[in-house]
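Asker: The task is simple: from the sequences and hints, build the whole structure.
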Amino acid sequence: MTCFQKNINFGTNATLEKRIHALWQGWVTFLHDCISSRLPALCMIALVALSSGTASAATSDEILRKWYGLSLSLIRHTPTYSPPVASRALAYLGVTSYEAVASGSPQLQSLAGQLNGLKPLTARENGLDYDDVVVLETALATVIHDLFNNTGPSGQQAIQHLEDELKASTVTLGSTPESQARSTAYGRTIAAHIIAWSREDGGAVIDNMGFPLTYGLDKRPGHWVPTNPLARQQQVPLLPNWGKNRPFAMPEGASCPLPPPLDYSEDPGSAFYKDALETYQTGKSLTNEQKAIAFFWTDDAMASPTPAGHWSSILLQIAEHDHLPLEKHVDALARLGIAMADAFIGCWHEKYRYDLVRPITYIRKFIAPDWTPFLLTPPFPEYPSGHSTLSAAAATVLASVIGDPYSFTDHTRERDTAIPRSFDSFWSAAKEAEISRLYGGIHFRTAIERGFEQGRCIGAYALALKTTR
Amino acid sequence: MFVLKRLLFSICLTSAITSYSAPICAADRLTAPVFQEETALSGISSIYAGDWQYMVGGGVATLDCNGDGYPDLAFAGGEAKASLYINKSTRGGPLSFERAESGLELEHVTGIYPLDIDGDGITDLVVLRVGETVLMRGLSECRFERANEAWHFNGGNAWWTSFSATWEKGASWPTLALGAYIDPQSEANPWGSCTENRLFRPLGDQKGFNDPVALKPSYCALSMLFTDWNRSGVPALRVSNDREYYEGGQEQLWHIDPGEPPRLYSDAEGWKFLKIWGMGIASTTFPDDRYPSYFLTSMSDNKLQILQQPNKEVPPLPAYKDLAFDRGAVAYRPYTGDDLKPSTAWHAQFEDMNNDGLPDLFIAKGNVDRMPDFAQKDPNNLLLQQPGGTFKEVGDIAGVASVRNARGASLADFNLDGKIDLLVVNRRENVQLWQNVTPDAGNFIEVMLHQDGPNRDAIGAWLEVDNGDRIIRREITVGGGHASGQLGWRHFGVGAAQTVKIRTIWPDGSTDAWETVSSNAFYALNHGQAAKLWQTGSAP
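For the record, the sequence lines run as chains A and B. Going by the numbering used here, the letters in the first sequence line up with residues 29 to 497, in that order. Going by the numbering used here, the letters in the second sequence line up with residues 343 to 882, in that order.
For the record, the hints were derived by calculation from the structure and aren't laboratory data. All figures in this text were calculated on a predicted structure; none of them were measured in a lab. Please note that the accuracy of each hint is not assured.
Dumping the calculated DSSO-like pairs for lysine-lysine here, alpha-carbon to alpha-carbon at most 30 Å [claimed, not checked]:
1. Lys319/A / Lys614/B
2. Lys272/A / Lys147/A
3. Lys312/A / Lys654/B
4. Lys147/A / Lys356/A
5. Lys614/B / Lys312/A
6. Lys393/A / Lys614/B
7. Lys663/B / Lys312/A
8. Lys459/A / Lys617/B
9. Lys319/A / Lys617/B
10. Lys663/B / Lys247/A
11. Lys843/B / Lys654/B
12. Lys319/A / Lys663/B
13. Lys393/A / Lys843/B
14. Lys459/A / Lys494/A
15. Lys654/B / Lys511/B
16. Lys312/A / Lys617/B
Answerer: Structure (structure tokens):
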């Protein structure tokens with residue numbers, strides 16, 4: 029065996045301790061083989077290269093960071109990726125990452141049997157060597173190819189480019205060719221299982237960017253009416269059946285129901301009118317700080333990674349900054365993705381149950397005809413607020429998995445000229461995301477507050493998942 | 343007869359259900375132009391070829407390179423070589439072209455714009471490429487030679503995709519604006535990699551250009567147009583940007599004031615934030631307006647921007663109403679076939695296709711490249727302008743609703759019969775050429791502007807034609823569209839008018855007196871002189 033055939037093995041065990049042990053053992057074996065081999069010069073070149081870091085292999089954390097980083101870009105640049113669709117993709121990415129790592133980890137147990145419809149995955153073969161990095165890389169690459177099969181030519185090229193890059197870097201310092209091949213095949217098996225599971229959830233096919241070709245609007249007062257006359261697709265609401273999708277951890281879309289919104293009224297003395305008046309008056313006198321908050325959490329489709337991508341970005345920043353252990357990292361990614369996807373399913377269930385009018389429609393009709401909210405009003409019913417539901421679900425997960433309180437600075441929107449914002453806890457960030465929708469003039473207070481409560485309820489289902497053995 | 347009427351009504355109704363654009367019905371058919379495809383017999387064979395770096399571009403320049411009055415064509419070829427075709431058509435005859443070796447046979451060409459840069463009376467070409475932009479000096483008889491070095495022009499190394507030119511007050515050479523797209527080296531992560539657009543101003547009294555100035559921020563410009571949007575006499579630069587690749591970007595309007603560095607119009611000046619997949623700019627002036635309006639192509643919804651002018655006593659702000667839906671200028675998804683996914687629009691151009699005195703709107707359409715969420719079979723649009731400034735779709739009735747993968751286009755009178763013909767550049771397929779054979783088209787005039795000294799073609803002038811019903815205004819520009827530009831005859835449909843009044847507002851602001859001329863004729867308009875009737879066989 030030459031030194032190159034018996035390379036440093038990053039190990040079949042995913043725990044940090046075992047990986048460090050495997051790394052050390054790999055170095056010892058590598059040095060021994062190099063000294064005794066017939067190609068010492070070549071081995072020395074490799075050794076120098078390794079010591080200087082020029083030939084370092086991709087780690088699982090890099091794999092996660094790079095594939096998630098690209099996925100957040102693809103969400104922004106794939107036209108079907110409205111916020112609910114993006115949350116679904118991030119949930120499947122989270123589960124894929126988790127299952128790939130859990131399959132080789134003595135600490136983690138599979139989510140099969142806990143998530144709706146997820147049957148047990150094929151286990152690794154006992155006694156055989158697997159390269160965890162290759163398993164993770166292959167599984168993620170395969171699922172991402174599938175989730176973003178409709179992205180444009182630049183996106184397709186970027187996916188392929190990253191896959192080639194990561195494959196090359198895992199080959200450099202990976203395990204034996206047999207282990208590589210076995211690990212690649214196993215990664216594909218995991219991916220195929222996840223992809224087959226994803227096909228049946230009701231959200232796999234998005235036609236016409238999510239806008240139904242036929243839809244009957246409820247013409248009664250108080251119901252949603254289109255808010256953007258210049259966008260022809262948006263004369264019907266987005267994804268009206270999303271609330272019927274199969275959730276991940278919560279039993280069904282109706283599992284965290286909300287009471288009806290305030291009784292619709294056009295009477296200036298009514299609670300509904302006062303709610304609208306607050307949105308109007310707040311929007312009319314926004315401070316610079318309030319504008320910054322509204323802009324920071326805009327998270328519009330096609331202009332950002334969407335709310336779910338924003339919270340995923342927060343977690344990825346923390347994982348890199350804090351060097352989260354791999355098991356904790358994928359646990360957090362899976363729970364966060366699941367909680368956010370379920371949040372949009374639950375939220376959409378209630379949105380189309382109540383079909384409430386947006387502030388721009390009501391305020392222009394009954395308070396100020398020329399009023400324009402700070403943010404663009406999204407094309408679907410008002411109650412409850414999607415960002416509020418999602419942010420509370422995200423905070424529920426992150427506060428529990430990462431810590432509470434936990435100080436961090438969020439750079440997600442930096443490239444879009446938004447100044448990074450600092451928070452002392454996930455809950456304070458979520459509360460800011462919640463109120464941002466009132467500042468933005470796209471929600472009434474009732475929708476953000478009740479949305480937030482719904483998010484807590486939905487997030488608890490993701491938190492209840494059992495991940496450790 | 344009753345059965346036929348019911349059938350026509352049924353077709354009309356079906357069309358109305360499947361399309362938001364107002365369909366043209368049986369009763370309207372007399373107004374619809376008729377086109378006949380002549381590609382196979384025309385002698386033109388040009389494919390815009392290539393993969394990722396040629397997903398945009400695909401332009402064609404329309405120019406008279408041999409001085410015979412007939413519009414010739416120069417095609418971008420992408421990975422294939424660019425090519426020049428000389429117009430061999432006869433007046434009113436079939437469309438006929440012949441390929442000629444011209445010196446233009448460059449590779450990696452995305453777009454071509456004609457312009458007499460050096461003021462020698464021979465049209466030059468600005469050749470946009472993936473790599474270096476090349477200025478090709480026009481020689482006699484449709485020959486061209488590279489002039490970057492002679493004219494001190496640094497063509498850079500970028501993915502060049504857009505162009506426009508103007509003559510600033512007092513300048514003897516033009517000011518050129520060049521728009522770039524994605525960094526070609528950033529295949530792994532192209533988003534946010536837009537490279538800088540550049541402005542080239544003339545070199546004092548010498549021939550050529552100064553070092554370029556960056557038009558930063560740059561947001562992946564797919565169309566640029568110098569246009570006197572507020573009729574101030576100083577054109578500004580409109581830039582339409584592709585939101586797919588920029589971060590923190592928007593549509594742009596630049597102050598390009600003589601002697602001053604370029605400066606963006608700001609919110610405080612009235613400029614309104616707008617993000618679109620900007621791909622092409624077309625301009626027109628509606629009969630009831632003296633300011634230009636703009637049609638911006640994009641994916642799904644396009645924009646028809648008409649200047650807001652709440653108080654006509656004060657200079658307007660650069661704030662526009664989007665009246666695409668109100669006016670029926672919609673092309674957001676196919677109006678024929680069963681592919682109802684959103685459309686992708688590229689070149690757009692206003693020309694009067696039926697000579698009724700109202701400029702119509704042609705839009706070239708085609709999928710970017712295997713994007714399954716957008717229409718794969720995306721028919722080109724021909725939106726016929728109606729009195730009142732509304733539009734009706736007639737592309738299918740007129741015979742130009744091709745579902746090939748279109749990019750650039752040229753609307754010009756190729757056989758000088760007074761009717762606008764149509765040429766469309768397709769990606770990975772041959773171009774298509776249609777002859778306008780409308781049997782009952784209205785009358786027309788076509789004019790070509792000339793002035794001595796620099797800016798021979800009077801870029802920046804305004805032409806006005808009064809046909810008795812309305813004044814038809816037209817700004818003379820070079821730029822806009824999608825990678826495609828034109829120089830030559832300016833066509834005006836004039837309806838039933840046998841005579842019309844014409845006048846020119848020249849780039850220096852001087853205005854000719856109104857002059858009455860006969861319809862159905864071609865005129866050379868020289869600065870300060872009476873209109874000169876043009877006949878075939880002579881230089882216009």
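Asker: Checked against the structure, which of the hints given earlier come out wrong?
Answerer: Per hint list: single violation, 13.
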